[in-house]
Amino acid sequence: MLISDKVGIIFGVANKRSIAWATAQALHQAGARLAFAYQGERLKENVERLTAEEMPGSPLMSCDVTKQEEVDEAFARAASDFGRLDFVIHSIAFAPREALEGEYMKVDRDGFLAALEVSAYSLTQMARAAAPLMTDGGSIVTMTFHGAEKVYQGYNVMGVAKAALESSVRYLAADLGPKNIRVNAISAGPIQTLAARGVSGLSTMLKVHAERAPLKRNVEPREVGNTALFLCSPLSSGITGEIIYVDCGYNIMGI
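Per the working numbering, the very first residue in the sequence shown carries number 75; after that it's consecutive.
One or more hints might be untrue.
What the hints assert, rightly or not - With a straight-line cut-off of 27 Å between C-alpha atoms, the simulated DSS-like cross-links for lysine-lysine are: (1) 90 x 118; (2) 290 x 90; (3) 290 x 224; (4) 224 x 180; (5) 224 x 281; (6) 90 x 281; (7) 118 x 141.
To be verified - With beta-carbon atoms standing in for the labels, derived distance ranges: (8) 127 x 244: 31 to 39 Å; (9) 308 x 248: 18 to 26 Å; (10) 141 x 313: 26 to 34 Å; (11) 184 x 277: 27 to 35 Å.
Just so you know, these hints were derived from the structure itself, not from any lab.
All residues carry an ideal CB built from backbone N, CA and C; glycine is no exception.
I would like the entire structure built from these sequences, with the hints used as guidance.
Here it is in structure tokens:
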């Protein structure tokens, strides 16, 4: 198996349609052992049910990334269970609904800061906590979107947060490279996930992407998961600081 000796922690599973869950399935099928961090009791039942069916015995923990002590506790638990870490999957983002509506310039300070803290700064938190546990090197993978580069109606402050996330990937890759820890992002096309439903223009995004992408369809969660598997495996040992597009080619198109 490709990563049968690897262990890692996944942040962001909400339900069976989550990109994080598709990633977990790909990693598990390739032999990895996984721990899962979820936010709050609301998602606990979903994560418990999913892992009980497919990955029984996986360590589970609640983690609110706006609380540093909970991030530290999650990584301490993973270290206790596994002894080390080989990879981290960061698949979380948040913005208040009102910050995704109307004109971007009307976003208030609280909405802006909330989006940046959860969607971008949390990656830096996790990298800092994970690095001492990656004693043999490792891989950190996060999820982004084309809205970090181009304007998407209804994406608003999340686009700004994803731009900060992508820049963080490059700076973290530079910091952690000497430790043989790689940091990359996957820029997936639009997918109907729980988080994406908060974007008012999602249906239009899906329609336009399917029409204009060279492959004439939308990307599937399993394709994103398989790319994350590649980035966590030795096959990608020379890749760091990159944004990998998994969007059926949509990003290359002009008029």
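Quick one: which hint numbers does this structure break? Sort them smallest to largest.
-> As far as the earlier hints go, not one is violated by this structure.
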